[in-house]
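Visitor: Chain residues, written in single-letter form:
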Amino acid sequence: MIVDAISLRPSDNVATAVQDLVPGQVAMVRLDRDLHQLVINEEIPYGHKFAVRFIPKGEEILKYGEVIGRATVDIQSGCHAHVQNIESLRGRGDLQKEG
Amino acid sequence: MEFMGYRRADGTVGTRNYVGILSAVVCVNEVVENIVRQVQGTARFTHHQGCCQTPLDIGKVNHALIGLGRNPNLHSVIVVSLGCESTDLAGVIAGIQASGKRVEHLVVQEIGGATRTAAEGILLAQEMVREASLQQREPFPISELVMGMKCGSSDTTSGLVPNPAIGVASDLLVAAGGVSILGEVTEFIGAEHILARHAVNETVAQGIISLVDRMEKRAMAVGEDIRGGQPTGGNIKGGLTTIEEKSLGAIAKAGTAPIQAVYEYGVRPTVRGLVVMDSPGREPEILTGLAAAGANVIAFATGRGAPQGFPFVPVLKITGSRTAAEKMSDHIDMNLSGVIEGTDTIPDAGQRILEELVRIASGGMTKAEISGYSNAMDIYMWGPVI
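So the sequence lines, in the order shown, correspond to chains A and B.
The working numbering applies: residue 13 is where the first sequence begins, and numbers increase by one.
The working numbering applies: residue -1 is where the second sequence begins, and numbers increase by one.
If you are wondering where the hints come from, they were derived from the structure by calculation, not from laboratory data.
Note that the Cβ used here is the ideal one computed from N, Cα and C, for glycine as well.
One or more of the hints may lead you astray.
Derived list of chain B stretches under chain A, where covered just means 3 residues or more per stretch with a C-beta under 8 Å from a C-beta of chain A [claimed, not checked]:
(1) 65 to 71
(2) 139 to 145
(3) 338 to 344
Some but not every residue of chain A turned toward chain B, in silico, with C-beta under 8 Å [unchecked claim]:
(4) Q49
(5) R65
(6) E78
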């Protein structure tokens, strides 16, 4: 049995693919000792992230149980979560909310 | 859990029992190498510093040599000096002696050349190794382990498997009363605000922010912006989205324990638990810094396979990549690719890392020790060579 993706904390709303994943595939997502099934809705290359649940625009993206950025548009479950729909909250002179 | 270690006069516990041969300055590295080549049971520390540097950096050399000499994995120490270096030889000797260790020194310009010094050093080291070899290992609780942490030659798997698994091992060690040291301040950039939230109090939180700020300013002072362009195009192609995510992958080694204190490079922690130490990410300098801070074991995560160990501290190489484990099998100690293949989990792998560290601490040899791949070490400097 192959693990398709790894999720690092229960609070994480994204998981990282450890295989190339294709739309329609039911991915096996490892979280600690548990395995969850999730339907993939877009091509997810190895090493890339996808939403493990619906993430509305403006919601924080959680990986390692920490905020790695914010959704710039709605992200559907099983869809690719990357630079096209996530922005960093760091090193942003236009934002006044660092730290 | 217990390991078999060597009791030291200052209350610390060694996992190895070498006679350390330390260079006071770059100019005597050849002498040190000759002594170590001829005498089993010795371990070297050679480097490229100790002369023609700023007073601040010479102070760092003195401090690092004292820390290395005091490392519990050394039974006793010979310091080799040229005679005209800037390193404070008397201060280094006194600093190491304060731990209760036997410290000898050899001055090349007084003895009369490298050949005679090496010969004298070989005879002296033989006698010191005989003395060291009489000491027996004794059982100690794992609270006496001081674990340094490092990742190098990382890839996509590093932040997903070995780093979080080392984080589990660190949490277990901290829960048992041990010490775990996180370095690589450059890896904090972009996630320092997150790391600061794990600090035990506001002073420690500010200390973490200041370390990162200082490292960025030093890079800017030479016209470089180390935050700019992060994550790199290659990172983005590999799936990393933001600088926060990239940094968190490296920081995952620290697990979830609160950060108890922040230390300068090579400073020995005076508290138990997880601590942060100033250091760059490059291997020769961070491994030296961890050893100078008293680390008696080092856990090292790698994605593509990094070969370097340290001359007298065992460095356990851990990967989550089957490719690295197989292609770099003479360097990799632990293959955690089962986490990706479905036969292993991060919590189980973390437990096994701690168990392996205990075996290594008790005398089991790492690949880096067996191959002797550990000699390209150096001390972290700030200023120019003059």
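Visitor: Against this structure, judge whether each hint is valid.
Guide: Outcome of the hint check:
Requiring three or more residues with a Cβ within less than 8 Å of a Cβ of chain A, the coverage given for the region 65 to 71 of chain B is violated, as only 0 such residues are present. With 0 residues bearing a CB less than 8 Å from a CB of chain A, the region 139 to 145 of chain B misses the requirement of three and the coverage assertion fails. Under a criterion of three residues with beta carbons nearer than 8 Å to beta carbons of chain A, the stated coverage of the region 338 to 344 of chain B is upheld, 5 such residues being counted. Given the 8 Å rule on beta carbons, the hint for A/Q49 is violated: about 13 Å separates it from the nearest Cβ of chain B.
Interface restraint check for A/R65: the shortest CB-CB distance to chain B comes to about 17 Å, outside 8 Å, so the restraint is violated. A least Cβ separation of about 5 Å between A/E78 and chain B falls short of the 8 Å threshold, and the interface hint therefore holds.
This entry does not satisfy hints 1, 2, 4, 5, going by the numbered hints stated previously.
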